[in-house]
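Could you put the whole structure together from the sequences, leaning on the hints where they help?
Protein chains: 2
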Amino acid sequence: MPVIEVSRIEEVTRAALARHGAGEAAARLVAKAVAEAESYGNRICGLYYLESYCVQLGTGRVLGDVVPEVTRPRPGMVRVDARFGFAQVAFDAGLPEAIAAARENGVAALAVGHAHTCTALGFFTRQIAEAGLIGYGATNATPIVAPPGGKRRVIGTNPMAFSVPGRRGGVALHLDQSTSAVALGKITMAKAAGESIPEGWAVDAEGRPTTDPDAALKGALVSSGGAKGWGIGLMVELLAAGLTGSLASVDVAPLKAPEGPHHDLGQYYLLIDPGAEGGAFFDRLEQVAEVIASDPGARMPGQGKEAMAEVDVPDAVWAQTLELAG
Amino acid sequence: MPVIEVSRIEEVTRAALARHGAGEAAARLVAKAVAEAESYGNRICGLYYLESYCVQLGTGRVLGDVVPEVTRPRPGMVRVDARFGFAQVAFDAGLPEAIAAARENGVAALAVGHAHTCTALGFFTRQIAEAGLIGYGATNATPIVAPPGGKRRVIGTNPMAFSVPGRRGGVALHLDQSTSAVALGKITMAKAAGESIPEGWAVDAEGRPTTDPDAALKGALVSSGGAKGWGIGLMVELLAAGLTGSLASVDVAPLKAPEGPHHDLGQYYLLIDPGAEGGAFFDRLEQVAEVIASDPGARMPGQGKEAMAEVDVPDAVWAQTLELAG
Numbered sequence: 020m021p022v023i024e025v026s027r028i029e030e031v032t033r034a035a036l037a038r039h040g041a042g043e044a045a046a047r048l049v050a051k052a053v054a055e056a057e058s059y060g061n062r063i064c065g066l067y068y069l070e071s072y073c074v075q076l077g078t079g080r081v082l083g084d085v086v087p088e089v090t091r092p093r094p095g096m097v098r099v100d101a102r103f104g105f106a107q108v109a110f111d112a113g114l115p116e117a118i119a120a121a122r123e124n125g126v127a128a129l130a131v132g133h134a135h136t137c138t139a140l141g142f143f144t145r146q147i148a149e150a151g152l153i154g155y156g157a158t159n160a161t162p163i164v165a166p167p168g169g170k171r172r173v174i175g176t177n178p179m180a181f182s183v184p185g186r187r188g189g190v191a192l193h194l195d196q197s198t199s200a201v202a203l204g205k206i207t208m209a210k211a212a213g214e215s216i217p218e219g220w221a222v223d224a225e226g227r228p229t230t231d232p233d234a235a236l237k238g239a240l241v242s243s244g245g246a247k248g249w250g251i252g253l254m255v256e257l258l259a260a261g262l263t264g265s266l267a268s269v270d271v272a273p274l275k276a277p278e279g280p281h282h283d284l285g286q287y288y289l290l291i292d293p294g295a296e297g298g299a300f301f302d303r304l305e306q307v308a309e310v311i312a313s314d315p316g317a318r319m320p321g322q323g324k325e326a327m328a329e330v331d332v333p334d335a336v337w338a339q340t341l342e343l344a345g
Numbered sequence: 020m021p022v023i024e025v026s027r028i029e030e031v032t033r034a035a036l037a038r039h040g041a042g043e044a045a046a047r048l049v050a051k052a053v054a055e056a057e058s059y060g061n062r063i064c065g066l067y068y069l070e071s072y073c074v075q076l077g078t079g080r081v082l083g084d085v086v087p088e089v090t091r092p093r094p095g096m097v098r099v100d101a102r103f104g105f106a107q108v109a110f111d112a113g114l115p116e117a118i119a120a121a122r123e124n125g126v127a128a129l130a131v132g133h134a135h136t137c138t139a140l141g142f143f144t145r146q147i148a149e150a151g152l153i154g155y156g157a158t159n160a161t162p163i164v165a166p167p168g169g170k171r172r173v174i175g176t177n178p179m180a181f182s183v184p185g186r187r188g189g190v191a192l193h194l195d196q197s198t199s200a201v202a203l204g205k206i207t208m209a210k211a212a213g214e215s216i217p218e219g220w221a222v223d224a225e226g227r228p229t230t231d232p233d234a235a236l237k238g239a240l241v242s243s244g245g246a247k248g249w250g251i252g253l254m255v256e257l258l259a260a261g262l263t264g265s266l267a268s269v270d271v272a273p274l275k276a277p278e279g280p281h282h283d284l285g286q287y288y289l290l291i292d293p294g295a296e297g298g299a300f301f302d303r304l305e306q307v308a309e310v311i312a313s314d315p316g317a318r319m320p321g322q323g324k325e326a327m328a329e330v331d332v333p334d335a336v337w338a339q340t341l342e343l344a345g
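Taken in order, these protein sequences are the chains called A and B.
The first sequence maps to residues 20 to 345 in this note's numbering.
The second sequence maps to residues 20 to 345 in this note's numbering.
Hints may be right or wrong, so weigh each one.
Taking lysine-lysine pairs in the BS3-like style, the calculated list, with each CA pair at most 30 Å apart, reads [to be verified]:
1) Lys170(B) to Lys210(B)
2) Lys324(B) to Lys170(A)
3) Lys324(A) to Lys275(A)
4) Lys170(B) to Lys205(A)
5) Lys205(B) to Lys170(B)
6) Lys205(B) to Lys51(B)
7) Lys275(A) to Lys51(A)
8) Lys170(A) to Lys205(B)
9) Lys324(A) to Lys51(A)
10) Lys324(A) to Lys170(B)
11) Lys237(B) to Lys275(B)
12) Lys275(B) to Lys51(B)
Sample of chain B residues lacking proximity to chain A, with all beta carbon distances greater than 10 Å (derived) [what the hints assert, rightly or not]:
13) Pro21
14) Arg27
15) Gly60
16) Val74
17) Asp111
18) Gln146
19) Gly185
20) Gly204
21) Glu214
22) Asp231
23) Ala272
24) Asp331
25) Pro333
26) Asp334
27) Leu341
28) Glu342
So the derived label-pair ranges between C-beta atoms look like this [as the list claims (entries may be wrong)]:
29) Ser313(A) to Pro217(B): 25 to 33 Å
30) Arg38(A) to Arg186(B): 44 to 52 Å
31) Val86(A) to Pro217(B): 52 to 60 Å
32) Glu43(A) to Gly168(B): 39 to 47 Å
33) Lys275(A) to Glu329(B): 52 to 60 Å
34) Arg186(B) to Asp84(A): 34 to 42 Å
35) Pro228(A) to Gly213(B): 25 to 33 Å
36) Ala328(B) to Gly245(A): 28 to 36 Å
Bear in mind the hints are in silico, worked out from the structure with no lab data behind them.
Where is the CB? At the ideal position from N, CA and C, for every residue including glycine.
Spelled out as structure tokens, the structure:
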């Protein structure tokens with residue numbers, strides 16, 4: 020497995036996207052997101068997605084050179100119509116006004132609609148925290164999670180992310196997690212390895228708990244923590260799809276298929292100004308961090324996960340990346 | 020077990036609170052909250068709390084006749100200093116301005132600080148939904164949950180609630196849940212019954228998973244869904260304690276102890292105007308509700324839980340209530 024500099028990953032990814040029709044902003048911002056995912060060891064949201072981006076630029080599932088439409092229907096609310104382009108471009112277009120809105124109002128929403136998959140949601144909330152604001156994010160996905168007691172795939176893995184700035188800058192707490200018990204990849208990996216899966220991950224096509232990965236793939240995932248995660252997944256669904264006017268997860272086509280309709284996904288963010296509270300917020304943040312630090316084995320979410328300057332990339336993935344870049 | 024009309028529960032609770040020193044607003048609003056909890060079968064947050072309210076009115080742990088201080092430091096942010104009084108009184112004082120702020124700005128925060136325990140958080144977010152807004156709520160509590168891999172009690176059961184209005188009024192979706200795997204009461208009940216507890220509920224004093232309720236009571240609860248629930252519990256902590264300037268959970272004294280410091284808890288709410296999105300929000304809400312309704316055994320959170328007009332109350336609890344009311 021070759022060790023590749025993250026800056027090189029970004030450069031080659033950018034070239035690959037540009038070669039397949041992405042405009043300047045799309046190539047630059049999506050490459051940044053891919054490189055950042057790799058730098059945090061998040062392979063699923065890194066180079067593994069690049070081929071589908073390039074193929075879908077060709078088939079028109081994602082539009083690589085549209086200009087997002089930013090509006091501000093209310094003082095605390097910034098809306099971005101991604102116009103079926105990349106989520107990173109739409110977010111970037113709306114972020115400055117959303118930051119200004121949060122500083123003026125204490126809290127603001129940034130609702131991105133009709134976007135391509137945003138892949139790693141934490142990429143976006145981290146930017147909010149780096150601007151000194153608390154960032155919450157929610158996005159929907161293809162349908163894969165069944166309700167407790169049910170068997171239909173109603174919502175996606177519907178992740179949420181939450182990033183908190185430190186008193187003197189940086190990101191003091193960061194989480195980016197699906198609301199399902201596990202990612203679908205864990206089931207496909209168990210199947211490939213010929214292993215069974217633990218109870219509590221999935222149900223079969225009849226809604227019965229299963230430990231058979233094959234039956235799970237014909238059935239559905241379940242929510243993290245059962246009914247509690249189901250509630251949070253639905254909350255994410257209503258924020259991400261409902262408040263942006265994008266598709267409900269049940270209507271979203273498989274994300275990586277070469278052909279098909281636009282993803283038409285929503286990403287909903289809340290930006291909260293901790294400064295509106297004086298120093299109390301940071302006092303509590305640091306107090307909680309200290310208590311956690313005093314407990315061996317425990318850590319703040321996101322702590323100890325620094326961005327790496329170079330990462331291992333599987334041979335086949337790197338060869339494909341270079342090929343995509345021409 | 021006598022069957023008691025909820026209106027009678029409210030009346031007697033109000034009398035009990037007034038008799039123990041609660042002012043008019045506190046007696047009326049806390050009685051409403053107690054009656055509503057009972058009407059939804061939520062006994063833990065109903066009459067079981069009344070004795071501690073009355074006792075603590077006497078000892079000064081809660082101040083029964085303070086006027087909360089409402090300020091609006093930013094257009095989208097309403098703060099209420101509960102001044103160590105009841106959470107219900109503080110929320111009621113800030114709600115009208117927070118609703119107006121959400122309508123004007125698209126989104127607004129209502130941060131209630133230095134309050135007594137709010138008991139059922141859903142009591143508050145339901146009011147937000149009944150006003151036609153999406154309501155999210157978070158509150159902290161006494162320390163009882165340890166981090167994954169740790170053993171210290173860092174945060175409380177730290178509940179969150181989320182209530183969504185229907186297109187034509189009412190509450191279409193409602194959830195109110197702790198971020199811990201279970202409530203502490205499930206451990207104490209298992210202990211009383213001489214039963215073991217399932218793995219995944221608690222750890223012992225050394226941070227090891229345990230099925231022994233005794234060891235769990237000397238240890239800590241764990242978060243729902245492990246690391247994912249831990250992240251959400253911390254998010255609740257930072258919103259509820261940090262953004263309101265109230266105590267971190269580690270510093271909160273046992274809620275029902277007769278003597279001791281003020282609870283000094285925080286409740287943080289977000290109010291989001293779905294109308295700012297035109298009808299799209301309700302289209303998605305109804306679509307998701309229909310898909311769930313088509314799946315036998317599945318339901319929307321909060322669905323099928325109508326308020327009851329009369330409820331069973333254990334003899335001892337009702338006798339105590341009547342005694343408290345004199």
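Problem set entry | Numbers of unmet hints, in rising order | Hints that this structure does not satisfy do not exist here, as all of them hold.
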